[in-house]
Amino acid sequence: MNPEALYKISYGLYIVTSIKNGKFNGQIANTVFQVSSSPNLIAVCLNKENFTNECVRDSGAFSVSVLAKDTPMQFIGRFGFRSGREFDKFEGVNFKIGKSGMPVVLDNTVAYIEAKVVSNMDVGTHTLFVGEVVDAELVEDKEVMTYDYYHQIKKGKTPKTATVYISQDVE
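With the numbering used here as the guide, the letters of the sequence shown map in order to residues 2 to 172.
Hints in this document: simulated from the structure, not taken from any laboratory. The reader is advised that the hints may include incorrect statements.
Unchecked claim - Cross-link-like lysine to aspartate or glutamate pairs, in silico, EDC-like; alpha carbons within 20 Å at most:
#, residue 1, residue 2
1, K100, E50
2, K49, D108
3, K117, D71
4, K97, E141
5, K100, E144
6, K143, D71
7, K97, E50
8, K49, E144
9, K143, E92
10, K117, D89
11, K24, D89
12, K70, D123
13, K97, D136
14, K24, D71
15, K9, D142
16, K21, D89
17, K100, D149
18, K9, E55
19, K21, D59
20, K100, E133
21, K70, E144
22, K100, D136
23, K70, E133
24, K117, D149
25, K9, E50
26, K100, E87
27, K21, D71
28, K9, D59
29, K117, E133
To be verified - Now the in silico label distances, taken between C-beta atoms and shown as ranges:
#, residue 1, residue 2, range
30, G102, A6, 14 to 24 Å
31, S38, K100, 17 to 27 Å
32, D142, N41, 36 to 46 Å
We put the CB at the ideal spot given by N, CA and C, even for glycine.
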């Protein structure tokens with residue numbers, strides 16, 4: 002089996018945010034998709050080790066900011082390579098509190114979607130959260146960042162907690 006075949010599945014790059022005990026948190030995610038149109042449902046897949054997973058589970062809600070293609074790597078790194086348990090990811094970041102009560106990142110955002118969790122499923126290393134959309138808005142008319150662009154052009158790395166991480170030990 003060639004696990005690189007999984008890289009051919011199309012992904013975007015997003016910031017998924019939530020809150021726990023009054024603390025805002027967010028992370029970079031590449032697995033966000035719409036699963037139903039009536040009702041409008043979206044799903045996010047978050048590693049069980051990530052603080053954002055705890056936040057979504059605790060609050061029962063999340064928001065997704067769709068990142069623009071020209072998002073700087075430093076901004077991606079802020080939400081993608083440090084834990085929100087020890088670092089305030091929102092310091093100096095333009096955001097608002099959405100209708101769901103969740104923080105919505107506005108910097109480098111093309112659109113955002115807010116959802117209330119209606120279901121979740123254990124999927125091994127990750128939890129798949131399904132949420133009913135409570136709000137969605139376009140922020141800026143720009144091209145969105147794909148995960149392929151992040152890797153090929155920006156030379157971004159895949160952290161071990163990503164859904165698409167493939168250990169070098171896999172045969």
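Hint check:
1. For the given pair, K100 sits about 27 Å from E50 by alpha-carbon distance, which is inconsistent with the 20 Å threshold.
2. For the hint linking K49 to D108, the alpha-carbon distance of about 26 Å lies beyond 20 Å, and the restraint is violated.
3. With a CA separation close to 29 Å, the supplied pair K117 and D71 exceeds the 20 Å bound.
4. Pair hint K97 plus E141 holds up; C-alpha atoms about 15 Å apart against a cutoff of 20 Å.
5. Of the pairs offered as hints, the one joining K100 and E144 is violated, with about 25 Å between alpha carbons and a cut-off of 20 Å exceeded.
6. For a cut-off of 20 Å, the pair hint linking K143 to D71 stands: about 9 Å separates their Cα positions.
7. Proximity of K97 to E50 is assessed by CA-CA distance (about 26 Å); at most 20 Å being required, the pair is judged violated.
8. In summary, the hint linking K49 to E144 is not supported, as the alpha carbons are separated by about 30 Å, beyond the 20 Å threshold.
9. Proximity of K143 to E92 is assessed by CA-CA distance (about 25 Å); at most 20 Å being required, the pair is judged violated.
10. Distance restraint check for K117 and D89: the Cα-Cα separation of roughly 24 Å exceeds the 20 Å cut-off, and the hinted pair is therefore not satisfied.
11. This hinted pair checks out: K24 and D89 have alpha carbons roughly 9 Å apart, not beyond 20 Å.
12. Only pairs whose Cα atoms come within 20 Å are accepted, and K70 paired with D123 is rejected, the gap being roughly 31 Å.
13. Under the criterion of a C-alpha separation no larger than 20 Å, the hint pairing K97 with D136 is consistent with the structure, at around 13 Å.
14. Between the alpha carbons of K24 and D71 the distance comes to roughly 28 Å, so the proposed pair goes past 20 Å and is violated.
15. Under the criterion of a C-alpha separation no larger than 20 Å, the hint pairing K9 with D142 is inconsistent with the structure, at around 26 Å.
16. For the hint linking K21 to D89, the alpha-carbon distance of about 13 Å falls within 20 Å, and the restraint holds.
17. A distance of roughly 32 Å separates the Cα atoms of K100 and D149; the hinted pair therefore is violated under the 20 Å criterion.
18. This hinted pair does not check out: K9 and E55 have alpha carbons roughly 30 Å apart, beyond 20 Å.
19. Pair hint K21 plus D59 holds up; C-alpha atoms about 6 Å apart against a cutoff of 20 Å.
20. The suggested pairing of K100 with E133 holds, with an alpha-carbon distance near 13 Å, which does not exceed 20 Å.
21. For the hint pairing K70 with E144, the CA-to-CA distance comes to about 6 Å; that is within 20 Å, so the pair holds.
22. This hinted pair checks out: K100 and D136 have alpha carbons roughly 7 Å apart, not beyond 20 Å.
23. Restraint check for K70 and E133: not satisfied, since their Cα atoms lie roughly 26 Å apart, outside the 20 Å limit.
24. About 29 Å separates the Cα atoms of K117 and D149, which puts this hinted pair outside 20 Å; it is violated.
25. Distance check on the hinted pair: K9 and E50 sit about 26 Å apart at the alpha-carbon level, beyond 20 Å; violated.
26. A threshold of 20 Å between alpha carbons decides the hint, and for K100 with E87 the separation of about 27 Å lies outside it, so the pair is violated.
27. Of the supplied pair hints, the one linking K21 and D71 is violated, its CA atoms being roughly 30 Å apart against a limit of 20 Å.
28. At most 20 Å may separate the alpha-carbon atoms for a hinted pair to count; K9 and D59 exceed this at roughly 33 Å.
29. Of the supplied pair hints, the one linking K117 and E133 holds, its CA atoms being roughly 5 Å apart against a limit of 20 Å.
30. For the hinted restraint 14 to 24 Å between G102 and A6, the CB-CB distance of approximately 40 Å leaves it violated.
31. At roughly 20 Å, the beta carbons of S38 and K100 sit within the given window of 17 to 27 Å.
32. Between D142 and N41 the CB atoms are about 22 Å apart, so this pair departs from the stated range of 36 to 46 Å.
Figure legend: structure checked against the earlier numbered hints; hints not met, in rising order: 1, 2, 3, 5, 7, 8, 9, 10, 12, 14, 15, 17, 18, 23, 24, 25, 26, 27, 28, 30, 32.
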